[in-house]
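Trainee: Chains as they are written, first to last, in my numbering: chain U, 1 to 588; chain B, 1 to 260.
Simulated from the structure, these hints should not be mistaken for laboratory data.
Note that beta-carbon positions come from the ideal geometry of N, C-alpha and C, so glycine has one too.
One should not assume that every hint holds.
Result set (DSSO-like, lysine-lysine): computed pairs, CA atoms no more than 27 Å apart in a straight line [to be verified]: (1) U:Lys-584 / U:Lys-258; (2) U:Lys-274 / U:Lys-230; (3) U:Lys-58 / B:Lys-28; (4) B:Lys-251 / U:Lys-100; (5) U:Lys-18 / B:Lys-250.
Using C-beta positions, here's what the derived DEER-type ranges look like [what the hints assert, rightly or not]: (6) U:Ser-60 / B:Asp-92: 28 to 38 Å; (7) U:Phe-26 / B:Leu-34: 45 to 55 Å; (8) U:Ser-261 / B:Ile-6: 50 to 60 Å; (9) B:Ser-7 / U:Glu-94: 30 to 40 Å; (10) B:Ala-14 / U:Val-25: 34 to 44 Å; (11) U:Val-25 / B:Arg-30: 42 to 52 Å; (12) B:Ile-6 / U:Gln-196: 55 to 65 Å; (13) B:Leu-239 / U:Glu-200: 50 to 60 Å; (14) U:Asn-266 / B:Ser-18: 54 to 64 Å; (15) U:Ser-14 / B:Ile-6: 45 to 55 Å; (16) U:Glu-52 / B:Arg-170: 15 to 25 Å.
So the chains spell out like this:
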Amino acid sequence: MVKKAAPSNAQENSWVIKVEKVSMVFNMASEQLNSLKEYAIALARHELRFKEFRALQKVSFTVNKGDVFGIMGTNGSGKSTMLKIVAGVLEPTEGTCQVKGRIAPLIELGAGFDMELTARENIFLNGALLGYPKKFIEQHLDAIVEFAELEEFLDMPMKNYSSGMVARIAFAIATVIVPDVLIVDEVLSVGDFRFQKKCENRINDLIANHGVTVLIVSHSNEQIARLCNKAIWIEKGETQMMGRTRDVCRVYRALAGKEGSTSSKNDVLKLISKKVKVPKGAYDAIAGPNVFANTATMAKAAWPHGLDQGVVVMAPMSAPAYALAAVSLAGLYDAPVLLAEGDDLPNSTVRELGRLDPSKMVVIGDEEAISPKAIEKACSMFEKQLEVHRIGGSIQEICAHLLQTRQDEWGSTALLASSDYVQQHWAQVAAFAPYMYHNHAPLILCEQADYGALAFSQVLCFADDEARATSQVSALQGELLEFGKGEQPSQYGVAVLEWLEAHQEVTNADTIFFASADEPWDVLPGAAYISKLNTNVMLVDTANLDSMAAAIRYLSDRKNKYRKIIFLGGFMVFADDDKELFAKALLP
Amino acid sequence: MTAGIISEKMRKNAFILSSLVSKDFKLKYRRSVLGILWSVLNPLLMMMVFTAVFSTMFRFNIADYPIYFILGNTLFTLMSDSTSSAMHSIIDSAALIKKIRIDKIVFPVEKVLFQLVNFAVSLVAVAIVMIYFRIMPTLDLLLLPFLVLCVVLFSIGLGLLLAALAVFFRDICHLWGVVLTAWTYATPIFYPVDQVPVWMQQVMQYNPMYHYITYFRDIALWGNTPSLTESALCFGGALAVFIAGLLVFKKAQNKFILYV
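One chain only, chain B, in its complex shape (with noise of 0.2 Å):
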């Protein structure tokens, strides 16, 4: 009985989750000429633009650096646009919460499987370039799926609870965006690790988005097979930070439509 009802909620949430993803698609692309085609487009201008800048005017010393930079700003991508566009999820969706009898849960999750989306379509991109280098792809790829189950479940963890206290205090919008640029220079995609000091190197043990783009590099480009301590720490960390988001937003959902 209750099995049913779950199962039918969960057939239900689904629908909701894809007719939105849908949606958002639609009205992504809709009314530009070249449409879907910009997602493979703007990683490969953005991989020129800083293969320009730091390959001829800054030279950092590292092998093959276009793919080496498209690797991890594709992935550190998909982690920031699915946090802050899950972050204003709730706040957009005001209308509806208010009206209708519908897990607010859906929305923030929403927002990530559509980057998600986002994320394949560039993956291209990155198929294209390795082509164009003539990187031949190891076993070592197949581990992909996982790291991307790692850094989806890492991004909904992290937008739930953004999406949760956005509703309480419209601040973090403003400052999530400071955070993500600072973020983005602290973790090593566009320089190599070793440019910078020691003691950064092992305060960068304690990004996750370190861990998830060097997992990346490892089995896309460079060929190593992460270590079993690796991928369970990669894993431990996305689950924890899941769950603690999943939490809070649990505790906070039904308040929220006393404050959007």
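For reference, chain U alone in the conformation it holds in the complex (with noise of 0.2 Å):
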């Protein structure tokens, strides 16, 4: 063993928890043997088998004088078993774990009262569960009935108080003696708002005061990130990170909560790490109030300047499929798609339809998606008469009779899927929705009943039920692609993409687009303006790593290429990291 040298040494006095290697088993019997019987029976035919289940892994860190240390995780973590080995509650299975001192748990307050008795019998009763002397207790009565806020209800049984008054004493009676340690399990979430202040201002006084330290468990970010200086990150067991509270923050904010391989973990990680700032502009959000907001501000940007006499293709939000008809249809006019929902058109739908000034409107579905009351707002804004054309009927319909009635407009190239398939991935084809507004490019399900005398030079199949699709490509005429990547974003998000930049001209765009692949609302009306950017969109699960990490190495490819990153939606969406996170994956 190495001698450590004298300064070391005098660090490491100052510890006041010291946890060493803590893992924690329960031993889960894989069936609840609650009675003698059943143990036997189990016993005798050699069936006693338990199933581990590890809550923490060695889990290490110490805890110096004075600091206040954030433990964070996500609902089952393992936080709080960490909490309750340091309070001395559970006996770890394995390792150490000291405090100096004593300890003040705030592990749910008020577990000792009983409430048949009065609040000054709950006090005394409370304190001794809690070992203060009862000298200590009569001298701090008055302290804890002020900060209680009960002097006239101090003689009522308890069962008459509200929970708030409970929540009350339980937290003057923890906090009535100075600890060594003070233990925070999520406790400011009780009571009102005027007494969580109370109580947090305790807890500063006590820090500042009196150098307690302090041990607070949350999965609030804000909360640790506004308390702490230290804190460690507890995942499944084990350590993700500890440190600087700010840093941890920042990766658990990226990263908590978030399911992928290591591999890709690693390679979030990386780029989390990775020291550059990002400069102003690396990236812009479309982050209206709402869809209908986000869908008007594309309008305008695609089309500044109004239409002047053109077509406006207005659809349903009842499935994406209709909107991705409507996305087809606009892309043969070159029109915007403005979105509507049920009785009412929303007002930025209602103003941005003014400013486009169309002569004429193309209405996606029934009347039950949109009902005439709503087309009839829309005809009220203008003074010459604004000519509507409905087509209504099912999807399948709707896709039949556009098919149809605009043979000759169609492009080379069509989507072939069956409307299961559309509706249930219907990210994978909101991926090429730019493409089939440029490329004019009709959605063909495998449903329709009759196709007419088409030909493509190529059909893109999304495969789900092939041989039924298959079968009625051999009546559509030209090459059959086949495309189905997989169902997670991580797999078609760059799939697509690719695929992409190998059939499309190549353009000099500098932007791409980010958005949802669980929120079709935003990427679908916004077809029309990825498009006329000519660029693409890229469909990510941000609540996936291996999504994030496909779509970062993406990036981090084509840093040549693309300048700029446009996020579809508002913070819902991408949160401010996500965002961060991706344009850092542009810079060299």
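Dock chain to chain to rebuild the complex, using the hints, since each chain is given by itself in its own frame.
Mentor: Next up, the structure:
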């Protein structure tokens, strides 16, 4: 063993909590054996097998005096188990946990209260259970009562109290003493706002004026970031990261609760820790208050001077397939797609319609999807007569109708899928929406009865029900291209773009769009705008690390091509950290 | 240093015990008109019922039957109530055990001590009956604290064992009621010992409660001074059960939190 130098020894002495390689294993009986008979039977049959559940896996950390230490993790990550071990309630299976001094646990306030007793009696009982001497409680009774604000109710049975009052008394008892270590377990979510503030003030007072060491457990990033100076992030019982709160919080925000392989995680982590400043203008977002506003914004960007007697296509929000059909039709007219929902025409749609000033409006869908009332509202804006043409019926009928009535106008490529496939994997098809718009590619649904005498040079077939699709493709003329790259955005997101790169004319567009694979209503109406910028859209699932890593790899391979990312959707779709992260991937 | 820590721990536990006992005491009599009087009345009423049944219907030939019964009954009740409430104590304190670092042993011990308080109150009933029947107490009665110590040790040991087992096997809770009933009949509480067959009298030698109750009657009713062997037997048995219970409890207590 190497002898440690003196300074490190001095530092070692200042620890208050020292957790070393703590593992916690729960033996979960594969079936609950709660009776002697069951136990005996299982024992006799040699069936007494246990499933091992590792709640914690060799977790180590040291908390020094005066630290405010945060433990982060999603639900079920093992952070509460860790806290119970520090509080001395639970014995670790392996490893050691040492705590110097007196611990005041705030784990679930009011655990020892008896609701039949009065508040006064409960204060003494709870104080005793927390290990306070009787004299101490007598001396501090007034302080407790004052903090909890219950002077008039002191001798009333606790069962008549509100839950807020109970929490107040519990907090007051737990913090009346100046402990060496204070353990706070998401308790600050109890009680009303004013009391929460009071509790936080008391904790801050203990930290600032008494040098109390605090251990806080939370899945709220904000609370940890606000109160702590050091933090650890535990996920599935394993330490993910430990260090300064700022760093841990940043990584936690980007990675917590997301699924993905280890290599994807490492890719994302590598990019997070890359120290480059993302310049202003490296990314932008179309993030209005709702999808209607976003749609209007994109229409305005694509047609800054209005339409001048053109056509507008109105798509319902009943299913993504309708919007895809609307996009293909809009491509023929070179028209914008606007969104409507049921009875009402949203204000931002109405305003944009007025600005565009079309002469004709094509409405996709039945009267249930877009009601006559909504149409009327649109027409009433104009002094002139707005020509309205409705294409109704089922989605199969609509697609068949478009296919036949516009026979001569379609381009050389068509997209073929079953309507179930479009419903389930709309995002895969949606990634082609700008291509559909630009190349006049129709959407053909397998269930369509009649294809007419159409000939395409290539048919892009989304294979789920392959046999069925293929048999009908034979009725169509043209080369069959199968496309079915898997169901996850991590699998198809990049694949679609690579296919498009191979099959499109090379452009010098330096902007790429990002959209969420969870939200169709940003990307579908945006197809016209994306197509006008001669670029494409990447569909990602930001809750999935594999998808994120695939997108990051795609971007970093094209650092020379793209200079800017435009994200479709508000902060609910893309968090600021995610946007920064993708933008970073384009930087050298 | 360590001695200081231990004595502080003892003081802390003593305060917890007294707080819990006073809580149980308050809760037991809260909102009843007669309050603590019930602890005196209950043994008396029970005695009247048994006296009515067994001196008129079955006619046991026992001198001073009421006092014979009440002595046996109060002592047996101390043991049975202690053990059954101690048995539930850990399960009932689950909320606390999961949250606070606390010596878990205080919960079963507290239940036994609370029953001891009740026993002390019901001794008033015994005194009343003794006065009524004009039984002169002898010096032997000074051995009562020793007897109570034995029964309390015995009950704590049994209570600890049951409390620990009940955490892992809830069946114990259901079973113990039946065992207690059987034990009541296997102990000469309301019948004379010579009433039962000889072989059963021999078996009864292995029943600790038989010894304790006989000891009680010896010193309080019959004026017999128990032999030193008998006293040693009573204490030795109690100590053995206490140690056994303590060992099992100590061994199991770290796992309680996973099962309650």
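Trainee: Now tell me, hint by hint, if it's right for this structure.
Mentor: Now for the hints, and whether the structure bears them out:
At roughly 20 Å between alpha-carbon atoms, Lys-584 (chain U) and Lys-258 (chain U) fall within 27 Å of each other, so this suggested pair holds. The hinted pair formed by Lys-274 (chain U) and Lys-230 (chain U) meets the criterion: a straight-line CA distance of about 21 Å does not exceed 27 Å. A threshold of 27 Å between alpha carbons decides the hint, and for Lys-58 (chain U) with Lys-28 (chain B) the separation of about 48 Å lies outside it, so the pair is violated. A distance of roughly 25 Å separates the Cα atoms of Lys-251 (chain B) and Lys-100 (chain U); the hinted pair therefore holds under the 27 Å criterion.
The suggested pairing of Lys-18 (chain U) with Lys-250 (chain B) holds, with an alpha-carbon distance near 26 Å, which does not exceed 27 Å. Evaluation of the 28 to 38 Å hint for Ser-60 (chain U) and Asp-92 (chain B) yields a pass: the beta carbon distance comes to about 36 Å. In this structure, Phe-26 (chain U) and Leu-34 (chain B) meet the distance hint of 45 to 55 Å, their C-beta atoms being roughly 49 Å apart. For the hinted restraint 50 to 60 Å between Ser-261 (chain U) and Ile-6 (chain B), the CB-CB distance of approximately 54 Å keeps it satisfied.
Checked against the hint of 30 to 40 Å, the C-beta distance between Ser-7 (chain B) and Glu-94 (chain U) comes to roughly 33 Å, which is consistent with it. For Ala-14 (chain B) paired with Val-25 (chain U), a C-beta distance near 36 Å keeps the hint of 34 to 44 Å intact. For the pair Val-25 (chain U) and Arg-30 (chain B), the beta carbons lie near 44 Å from each other, so the given range of 42 to 52 Å is met. Range check, Ile-6 (chain B) to Gln-196 (chain U): Cβ separation about 40 Å, and the 55 to 65 Å hint is violated.
One distance hint, 50 to 60 Å for the beta-carbon pair Leu-239 (chain B) and Glu-200 (chain U), holds here, with the actual separation near 53 Å. Take Asn-266 (chain U) and Ser-18 (chain B): their Cβ atoms lie about 59 Å apart, and the range 54 to 64 Å holds. Roughly 28 Å separates the CB atoms of Ser-14 (chain U) and Ile-6 (chain B), a value that falls outside the hinted 45 to 55 Å. Distance hint check for Glu-52 (chain U) and Arg-170 (chain B): the Cβ-Cβ separation is about 24 Å, which falls inside the suggested range of 15 to 25 Å.
In summary, the numbered hints that this structure violates are 3, 12, 15.
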